[in-house]
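Could you build the full structure based on these sequences and the hints that come with them?
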Amino acid sequence: MATTLGFGPRFLHSTGQLHKGGPNTGLFVQVVDETGDELAIPGQDFGFARLTRSQAAGDLAALEENGRRIVRLRLEDVTG
Numbered sequence: 001m002a003t004t005l006g007f008g009p010r011f012l013h014s015t016g017q018l019h020k021g022g023p024n025t026g027l028f029v030q031v032v033d034e035t036g037d038e039l040a041i042p043g044q045d046f047g048f049a050r051l052t053r054s055q056a057a058g059d060l061a062a063l064e065e066n067g068r069r070i071v072r073l074r075l076e077d078v079t080g
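As numbered in this note's numbering, residues 1 to 80 make up the sequence shown, in order.
I should point out that these hints are in silico values taken from the structure, not numbers from a laboratory.
Be careful, since some hints might not be right.
Okay, the calculated beta carbon distance ranges per label pair [claimed, not checked]:
#1 Asp37 / Met1: 19 to 27 angstroms
#2 Gly6 / Gly36: 14 to 22 angstroms
#3 Asn24 / Thr79: 12 to 20 angstroms
#4 Asp37 / Phe7: 18 to 26 angstroms
#5 Thr35 / Thr3: 25 to 33 angstroms
#6 Gln17 / Leu51: 37 to 45 angstroms
#7 Met1 / Phe46: 36 to 44 angstroms
#8 Gly47 / Pro23: 15 to 23 angstroms
Small disclaimer: the values here were computed from a predicted structure and weren't measured.
Positions of the beta carbon are idealized from the N, C-alpha and C atoms, including for glycine.
Here it is in structure tokens:
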């Protein structure tokens, strides 16, 4: 089984075509950590935590819209 690992959201352009195009044979696992403190982005009305959450949500939506099999695991939902 071929496997790739990337840390987002920076992988969006470098591997996005691999994930969203071609045959629908992949299984995608998105692991997100939404527990970090908000760090302001100068000149914006949102911070880096909100930005990265939005980008992860966009990647999830794009994969779903292309009929890809994806599971999203939020670290704050993990117990034990």
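Hint check:
| no. | hint | verdict |
| --- | --- | --- |
| 1 | Asp37 / Met1: 19 to 27 angstroms | violated (37 angstroms) |
| 2 | Gly6 / Gly36: 14 to 22 angstroms | holds (19 angstroms) |
| 3 | Asn24 / Thr79: 12 to 20 angstroms | violated (32 angstroms) |
| 4 | Asp37 / Phe7: 18 to 26 angstroms | holds (19 angstroms) |
| 5 | Thr35 / Thr3: 25 to 33 angstroms | holds (26 angstroms) |
| 6 | Gln17 / Leu51: 37 to 45 angstroms | violated (23 angstroms) |
| 7 | Met1 / Phe46: 36 to 44 angstroms | holds (38 angstroms) |
| 8 | Gly47 / Pro23: 15 to 23 angstroms | violated (38 angstroms) |
Of the numbered hints given earlier, the model fails hints 1, 3, 6, 8; all others are met.
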